[in-house]
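So you can see what is in the structure, the chains are spelled out below.
There are 2 protein chains.
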Amino acid sequence: MQRRNFLGKAGVGAAAGVLAAPAIVRAQPTVRWRLASSFPKSLDTIYGAAEVVARRVAQITNNKFQITVHAAGEIVPGLQVLDAVQSGTVEAGHTALYYYFGKEPSWAVATAIPFGLNARQYNAWWHHGGGEKIFNEFARKSGVVAFLNGNTGAQMGGWFRKEINTVEDLKGLKFRVGGFAGQVLTKLGVVPQQIAGGDIYPALEKGTIDAAEWVGPYDDEKLGFNKVAKFYYYPGWWEGGPALHSIVNQKALDALPPDFRAAWEAANEEGNTFMMSKYDAGNPQALKRMVASGTVLKAFPRPVMEACFKATQEVYAETTAKSAEFKKLHDHYFGFQRDQILWFRVTENTFDDFMASARR
Amino acid sequence: MQRRNFLGKAGVGAAAGVLAAPAIVRAQPTVRWRLASSFPKSLDTIYGAAEVVARRVAQITNNKFQITVHAAGEIVPGLQVLDAVQSGTVEAGHTALYYYFGKEPSWAVATAIPFGLNARQYNAWWHHGGGEKIFNEFARKSGVVAFLNGNTGAQMGGWFRKEINTVEDLKGLKFRVGGFAGQVLTKLGVVPQQIAGGDIYPALEKGTIDAAEWVGPYDDEKLGFNKVAKFYYYPGWWEGGPALHSIVNQKALDALPPDFRAAWEAANEEGNTFMMSKYDAGNPQALKRMVASGTVLKAFPRPVMEACFKATQEVYAETTAKSAEFKKLHDHYFGFQRDQILWFRVTENTFDDFMASARR
Chain A
1 MQRRNFLGKA GVGAAAGVLA APAIVRAQPT VRWRLASSFP KSLDTIYGAA
51 EVVARRVAQI TNNKFQITVH AAGEIVPGLQ VLDAVQSGTV EAGHTALYYY
101 FGKEPSWAVA TAIPFGLNAR QYNAWWHHGG GEKIFNEFAR KSGVVAFLNG
151 NTGAQMGGWF RKEINTVEDL KGLKFRVGGF AGQVLTKLGV VPQQIAGGDI
201 YPALEKGTID AAEWVGPYDD EKLGFNKVAK FYYYPGWWEG GPALHSIVNQ
251 KALDALPPDF RAAWEAANEE GNTFMMSKYD AGNPQALKRM VASGTVLKAF
301 PRPVMEACFK ATQEVYAETT AKSAEFKKLH DHYFGFQRDQ ILWFRVTENT
351 FDDFMASARR
Chain B
1001 MQRRNFLGKA GVGAAAGVLA APAIVRAQPT VRWRLASSFP KSLDTIYGAA
1051 EVVARRVAQI TNNKFQITVH AAGEIVPGLQ VLDAVQSGTV EAGHTALYYY
1101 FGKEPSWAVA TAIPFGLNAR QYNAWWHHGG GEKIFNEFAR KSGVVAFLNG
1151 NTGAQMGGWF RKEINTVEDL KGLKFRVGGF AGQVLTKLGV VPQQIAGGDI
1201 YPALEKGTID AAEWVGPYDD EKLGFNKVAK FYYYPGWWEG GPALHSIVNQ
1251 KALDALPPDF RAAWEAANEE GNTFMMSKYD AGNPQALKRM VASGTVLKAF
1301 PRPVMEACFK ATQEVYAETT AKSAEFKKLH DHYFGFQRDQ ILWFRVTENT
1351 FDDFMASARR
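Note that the protein sequences, when read in sequence, are chains A and B.
Read in order, the letters of the first sequence are residues 1 to 360 in the working numbering.
Read in order, the letters of the second sequence are residues 1001 to 1360 in the working numbering.
Since the hints were derived computationally from the structure, they do not count as laboratory data.
Ideal Cβ placement from N, Cα and C applies to all residues, glycine included.
Certain hints may be false.
Below, a sample of chain A positions facing chain B; criterion: calculated Cβ distance under 7 Å [unchecked claim]:
hint, residue
1, G240
2, S293
3, W343
4, A358
Lysine-lysine pairs mimicking DSBU-like chemistry, simulated, CA-CA at most 30 Å apart [claimed, not checked]:
hint, chain 1, residue 1, chain 2, residue 2
5, A, K310, B, K1288
6, B, K1133, A, K41
7, B, K1327, B, K1310
8, B, K1288, A, K327
9, B, K1327, A, K288
10, A, K133, B, K1288
11, B, K1133, A, K328
With the sequences and hints as input, model every part of the structure.
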């Protein structure tokens, strides 16, 4: 029944004859990589995806390919992971590429841009829609290659101390939100605030800021935002399906033996699903606990969503005019999205919406 | 910058010394598995996921772990894959486990049961919700272990020659639909028909049957159903996120060296995302072509959906009363679903629905 042919005596003979026939039992090189994460260990879901990759690669290669994962700040600060990989300080990183939006807006397309793809659509774009190819053509110019490794799913819109009932309510709002969304919201009078994760809680508590967005229930609960802001808004339209990536220095990647490269690629596929599934499994309980302790869930009013959508299109028009690189990625990504939405709104959304009402 | 230590002379020495120190360079066994697929090669998405696994495992192990994939009928018929794996005729299979619903209804929980989890929720259930554990406790009793490898996403409700406007319209309808859905629809007067894939087209053309369900646009277009039925209904509520699995004979799995086992597991993770992404990327174009050539898309009317939902609960009540095994899985699965829906209808569905309307 089982077709296993252990190399018994013959195998040992082949191994002993490695000089004459290295293809039979190859003395595998040992490869050691350092991987710098942009995240702290406490975010076990987003940080964990890099650990999944390291562990799996070690298992597959009998510890011949060893990757050590380093939390933000251990080797380089979380927001300098791209630079560290580019320069070769580390062979690899795990990061949200939209952190590097300031260098070139194209980096953001890899993670999430406002009113973009959801998590499943992103997987389709990356793997079968040409996304991986077109994005890495851009990334390689900086000497790095990106591998999809994780998604948070549609994020929440964040924690607000006051209700947002009209577009007018956005005026003067001091909102901890970054990148593209900050640019969009500026058009509507919001004053975006750049504050590191650990400093959000006191700023929100003191009222130095009026609102703050982070990720979703599973992570937000850990930071305790529900204790200092009552209203939890959704959806986080600027992050409909933020993707995380493992990035690798091009030279380190090129030097990898093909079997290790294959192990690395498969392990990243596993990390990708690990993160999304772990968030999905953990978010409901966290949300229930926060709602039970007083959090009020609120959807952004439709006119607010529409104003944000309109302002987003203005920002895209400005950004595509400034960067041909961004325009190329933008057009590819949204061309793909148009078809995805056409399809999703047929059976997928209809099924989800029916289930949401049937189980209410 | 790069931390690669090739085993040069020292490595060759270690290889030559394999008898004394086998842990340093182990003479890997060669393992050959035959994998029987339940699908024909023409369904490149669903069949392709098994090929992805075989190819990746070979790459990772330098062809030391070789899996040959065999289409339905090559070794055993498509619906006998479970039996072939159980008996050890083949080491592994790739199948939809609900085909074995007739043996025990619990098998169906692994693939899809009416008004069940969507594709992303299924991943969360399997990987982080205890689904893999509880299902494989059941599967191991038959001497097989299941690994998640693919999802089609919410399927379409199928091709109908006449419109379904009321619950009454279901009465006497000869509908090619199987398993659980057939039982549910029988309660509403449908006469379920069991017809193999290749025979559906002529039956629908001649009017021997009134309707037939298959998968979704990408696969349905290949079989040409749009040429013999005008109305394309959605959603396929009996398959909100059907999962495919690689199944392995327990003894073959236990005999696998740990590194090959790790390669197998990671490769299945890759196959899982491959299938879903390839369907998502391919469905929109197929749908557009069919709509352009006259296909009329129709949602099942709300009262029809509600009647089906109610009839489904009756079938679940009957089935859980008959099988304690099924009840255990059913309760676990739907307990998980309740929380998932609570969470999805907040930010995820709201985001998707806004995008669907914004891009209309």
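Tested hints:
1. G240: holds (5 Å)
2. S293: Because about 16 Å separates A/S293 from the closest Cβ in chain B, which is outside the 7 Å limit, the hint is violated.
3. W343: holds (4 Å)
4. A358: OK, holds: A/A358 within 7 Å of chain B, min 6 Å.
5. A/K310 to B/K1288: holds (27 Å)
6. B/K1133 to A/K41: holds (27 Å)
7. B/K1327 to B/K1310: holds (18 Å)
8. B/K1288 to A/K327: Within the cut-off at roughly 26 Å; holds.
9. B/K1327 to A/K288: holds (26 Å)
10. A/K133 to B/K1288: Holds. A/K133 to B/K1288 sits at ~25 Å (cutoff 30 Å).
11. B/K1133 to A/K328: violated (45 Å)
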